[in-house]
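J.: Given chain D, put chain X with the ligand in place with the hints provided.
Sequences listed follow chains D and X, in order. By the numbering used here, the letter at position 58 of the first sequence is numbered 489, and the numbering carries on one by one without gaps. By the numbering used here, the letter at position 6 of the second sequence is numbered 20, and the numbering carries on one by one without gaps.
These aren't lab readings, by the way, just hints derived from the structure by calculation. Glycine included, each C-beta is placed from N, C-alpha and C at the ideal position. Among these hints, one or two may not hold up.
To be verified - Chain X side only, calculated, beta carbon under 7 angstroms to chain D, not exhaustive: (1) Asn88; (2) Ser93; (3) Asn125; (4) Gln158; (5) His160.
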Amino acid sequence: MTPAARHFPNSEVSGAQTLFDKLWRAHEITRRSDGVSLLWVDRHLVHEGSHHAFAQLAARGIDLAEPHLTYAVVDHYAPTRNRENIADADIKRMIETLEKNAKKHGLKLFGLRDPNQGIVHVLGPEQGLTLPGLTVNCGDSHTSTHGAFGALAFGIGATEVAHVMATQTIWQSRPKTMRITVSGALGAAVSAKDIALHWIALLGADGARGHAIEYAGAAVRALSMEGRMTLCNLSIEGGARLGLIAPDTTTFAYLQGRPYAPQGHDWARALDDWARLPSDPDATFDREVEIDAASIAPTLTWGTSPEEALPITATLPDPAGLDPNRAARARDALDYMGLTPGRPLAGTPVDQVFIGSCTNGRIEDLRLAAAVIKGRRAKVPGLVAPGSALVKAQAEAEGLDRIFSEAGLEWVAAGCSMCVGMNGDLVDPGKRCASSTNRNFKGRQGRGARTHLMSPAMVAAAAVTGTLCDVRPLLEGCA
Amino acid sequence: MTGWTHHRGLAVGLPRESIDTDQLIPARFMSVPRVQGYGPYLLHDMRRTEGGTLRADFPLNRHPTASVLVTRRNFGSGSSREAAVYALVDAGIRAVIAPTFGDIFSGNAVNNGLLPLTLPSAAVDALLTTLGTDTTEVAIDLAQGHLRLGPHLYEFALPEVWREKLLNGWDDIDLTVSRAEAIATFRAGRKMAAPWVWPNH
Ligand code: SF4
Numbered sequence: 432m433t434p435a436a437r438h439f440p441n442s443e444v445s446g447a448q449t450l451f452d453k454l455w456r457a458h459e460i461t462r463r464s465d466g467v468s469l470l471w472v473d474r475h476l477v478h479e480g481s482h483h484a485f486a487q488l489a490a491r492g493i494d495l496a497e498p499h500l501t502y503a504v505v506d507h508y509a510p511t512r513n514r515e516n517i518a519d520a521d522i523k524r525m526i527e528t529l530e531k532n533a534k535k536h537g538l539k540l541f542g543l544r545d546p547n548q549g550i551v552h553v554l555g556p557e558q559g560l561t562l563p564g565l566t567v568n569c570g571d572s573h574t575s576t577h578g579a580f581g582a583l584a585f586g587i588g589a590t591e592v593a594h595v596m597a598t599q600t601i602w603q604s605r606p607k608t609m610r611i612t613v614s615g616a617l618g619a620a621v622s623a624k625d626i627a628l629h630w631i632a633l634l635g636a637d638g639a640r641g642h643a644i645e646y647a648g649a650a651v652r653a654l655s656m657e658g659r660m661t662l663c664n665l666s667i668e669g670g671a672r673l674g675l676i677a678p679d680t681t682t683f684a685y686l687q688g689r690p691y692a693p694q695g696h697d698w699a700r701a702l703d704d705w706a707r708l709p710s711d712p713d714a715t716f717d718r719e720v721e722i723d724a725a726s727i728a729p730t731l732t733w734g735t736s737p738e739e740a741l742p743i744t745a746t747l748p749d750p751a752g753l754d755p756n757r758a759a760r761a762r763d764a765l766d767y768m769g770l771t772p773g774r775p776l777a778g779t780p781v782d783q784v785f786i787g788s789c790t791n792g793r794i795e796d797l798r799l800a801a802a803v804i805k806g807r808r809a810k811v812p813g814l815v816a817p818g819s820a821l822v823k824a825q826a827e828a829e830g831l832d833r834i835f836s837e838a839g840l841e842w843v844a845a846g847c848s849m850c851v852g853m854n855g856d857l858v859d860p861g862k863r864c865a866s867s868t869n870r871n872f873k874g875r876q877g878r879g880a881r882t883h884l885m886s887p888a889m890v891a892a893a894a895v896t897g898t899l900c901d902v903r904p905l906l907e908g909c910a
Numbered sequence: 015m016t017g018w019t020h021h022r023g024l025a026v027g028l029p030r031e032s033i034d035t036d037q038l039i040p041a042r043f044m045s046v047p048r049v050q051g052y053g054p055y056l057l058h059d060m061r062r063t064e065g066g067t068l069r070a071d072f073p074l075n076r077h078p079t080a081s082v083l084v085t086r087r088n089f090g091s092g093s094s095r096e097a098a099v100y101a102l103v104d105a106g107i108r109a110v111i112a113p114t115f116g117d118i119f120s121g122n123a124v125n126n127g128l129l130p131l132t133l134p135s136a137a138v139d140a141l142l143t144t145l146g147t148d149t150t151e152v153a154i155d156l157a158q159g160h161l162r163l164g165p166h167l168y169e170f171a172l173p174e175v176w177r178e179k180l181l182n183g184w185d186d187i188d189l190t191v192s193r194a195e196a197i198a199t200f201r202a203g204r205k206m207a208a209p210w211v212w213p214n215h
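For reference, chain X alone in the conformation it holds in the complex:
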C-alpha cells in the first residue's frame, strides 16, 4: 500500500445516520476475491434498484468521481467485515468524514489507506449544508491536519500511529516483526504462568 500526504478531490454528502457495514457491502458479494475489485458493490442495495440499475438520484451515482464522503454519525457500525473498506477504497474513496465511526471500521480503514475523519456534529452539519446535493472541492492535508471544503477550514488531530500509517502506507506486520524479541520473551513467560493456554501442551 502506498501512503499519501495530500488529497484533492470532490466531496459528496450522504446525509444519513448509521450507514452500517451490511449496507456498505451486502454479504452476498463477500466471497469475491479482492483482485476482482470491490468498487461495484459499494452501497450496492442503496445505489441500485432491485433490477440492478443505478438510481439516478443517489448521491454517489450523480457524482461517481467523488473521493470524499461526508456523512452522519455511526458510520461503518456493525461488523468487522473489512470488505466494507475494500468497497470504499476500490470505488476511489480516500476519506470519510463523520461525527462518529464504528470502532473496528476505523481501524480497518486506516489499514487500507482510507482516512476516517471525525469532526463534531455541528461541523458535519455545516459541510452537509454546503454540499447539498452537489459536490464541492475538498483538500485534505494529512501532515498538517487541515481540511478545506468550500468555504470551511477545519483542523483535525489523528492518533499519531494512524497518521504515520496513512502517510507512509505502513503495514502493522512490518512494525511488529521488529519486536520479535519482546514477543518471544513474553511467550516464554506466558507458557510458564498459564501452560493451559496451549491445549494438550
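So that you can see chain D by itself, here it is in the shape it has in the complex:
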C-alpha cells in the first residue's frame, strides 16, 4: 500500500492517475482539514541566498533534520573572473556565509573551487542528485527545472527553506493539473526555449498560475534532457507552480553512472519504480493545451514580461490598437526598451550578448551557439558563462571556448553571472542585451538594462550580426 493510501483510506486509490498525481501521492505525509498537504522533501538544495533561512534557524536554535539530503551550492554570487581575489566585500561575505553554514551543519558544499561547482539547477541533474520520483525544493523559483526528470520540483521562499531545513517537509496546497501537448516536429533551429516563449506568449505570464504542467507530445519526447530542462525551467515564467516531463529512456541514459544516482541493485530497482511514473493513458487533466510544433518560429521577447514575446518575423505591437490596460503596459514596456511601435523586430541593433544561465547554460546550448558563431566574428561584445564547471570543461575539450574567444566573446567561469548580476556581471543602463536567460523584468540584468530573451542560437545570431535577427538563414549550409 502506498503511504497516501495508508493515511487516507477514503481517497481514490484506483483509477487513472497523472504523473503529478503519482508523485504527490507518494510524498504526502498528511493532509489538513483545509486540503493543504504536508509533503516529504527528498532533496533540498541551498545557495548563498539561503542566508535568511539559516539565520531563522539559528535564531530558534534548531538543527537541520536531514543534513544528508541537503546540498549547498555557490552560484548566484560566484565571480566569473578572478575568483582568487574577490574584491567586493558583500559578495565575499555572501559566499563565506554559505561556506560557514554548510560546515556548521555538515552539508556537502559545492564551493567556488569545487570541480563540480555550477548553477544549482545545472549541478543537481549533472550530479545525479535530481532523480525521477523525487521531491526537490530550493529557495529559487527555477527549481521547476528538475521536473524535466519527472521529479516534483518547485521553488520556495526563505521561511519555507527554514521549514524544510527544520523538518524535511513542506506544506503545499495541491495545484491543478495542466497538460501542454506539443505535437509534430520542431523546425530547424527552433528549440525548447522557443516552445516555452511561444506558450507563455499564448497563455500569459500568469496563464498557468496554480497549475502543475506536464509537457507531452512528440516534440517534447524528441527533446534531449538539456532541452527538457529548458522547457521545465521556464514553467515558472508562465506562472506555473512546476513543470514535469515523464521519465523515459532519454532520462535513464542521462542519469546512469552520475555520482549520486543509484547504482547496481538500487539502479535496477529504481528503474522499475520510475517506469511506473508516466501518466496513465486515460488519466485526465484539469486543463489541456495543444500546440503544433511546426507553428513555432524562433521567438524572442520585446518587452519587460516573458509574455511579451513574438516570432522574430513579427512587428512590434502598436499600443493604439490595444485595450486601455494593455496599451498602458505595452507603451511602458516599449518606452523602457527603447523600441518604436509597429516596427519590425528584426534589425533592431543590440549592444551586447549573454549566453548562459540555468535556462540555457548547458553543453548542448553552447554547442548550438558555437555552431552559429563558428568562422564568424561577433559585431558586439558579449559574455559566455557555462552553467557549471563540468560544462566548462566539456566545452573546452570540444574547442567551443576557442570558437567563442576567436569570435571576440569573453569565456568565463561558471555561475549565474549576467542572468541576475548579483556577482557584478551587469548590463549597463540603456544597453540592449540579447540574452539566453529567463527574465526580462525591468532592471533584471542591471538598472535600466534592456533584455531580450531568446534561444542561445538566436543570441549567437545577434552576436554575429549586431542585431536581433532570424538565426535560420545563418545556419543554412552549416553542418
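T.: Same frame as chain D, but now just chain X with the ligand:
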C-alpha cells in the same frame, strides 16, 4: 511574528500590471542582513532617479504612510525571493490588493504577516478609480473577511490556514513539529521503498 485581526490605514493605488519581484527589490540589495531593515529598498528603482533621489510623482513617495497597496494583475510574479515581501513589510505595508498574485509570493507574504488580497479585476478597477493619485482610508477585518475602502465594501474569503496564520502570527515550523510522529513513520517507509533517496545510504 505577531498576528493581526483589524487594520486601519491609508490605501494608495499603483495602477500597473505585473510588478515583479525584481522590481519590488532589485537583486543588488539582497545581501543586506534583514535586521538592517529592507524598507528603503522597496521598489527602489521605480521610486528613485538614477541619482538616488525620490521621484516626487511616485505614489508611494507622495504618500509614504500608506499601508495598503492596490495594484493590477500578476503582482509579485517572478522569483521566490522573500526579500520582496520583507521590503513591503519593513516599509509598513500590511496588505496588497490585486486581481492575481505570483504563487510563491502569496505564500511568502502570508508567512510574514502580509495579506495578499485577491479581488476581481472590476473591483480593483473601481478601487483604483476611487484612489486616483490620492489616498483613501481603508479598513480590513481579517476575522470577518471585510474590506472597506472609501465608499466600497467587499467581502473576501481566504484559505483557512492563511487566515489562521495571519490572525495568530503563526509559524509553520510550530505547526509541523506537532506532526513529528507521522513524519518519522513516513520517513521509515520512504527509506524502505526508495533507499536511493539517501545517496550512499
Ligand atoms: S541562472 Fe539566473 S535564474 Fe537560474 S538560478 Fe541563477 S539567477 Fe536564478
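J.: Please go over all the hints and tell whether each is borne out by the structure.
T.: Right, here's what the structure says about each hint:
1. Asn88: Since chain D brings a Cβ to about 5 angstroms from Asn88(X), closer than 7 angstroms, the hint holds.
2. Ser93: 5 angstroms, holds
3. Asn125: Asn125(X) check passes; min Cβ-Cβ to chain D is 4 angstroms, inside 7 angstroms.
4. Gln158: Violated, about 18 angstroms.
5. His160: 21 angstroms, violated
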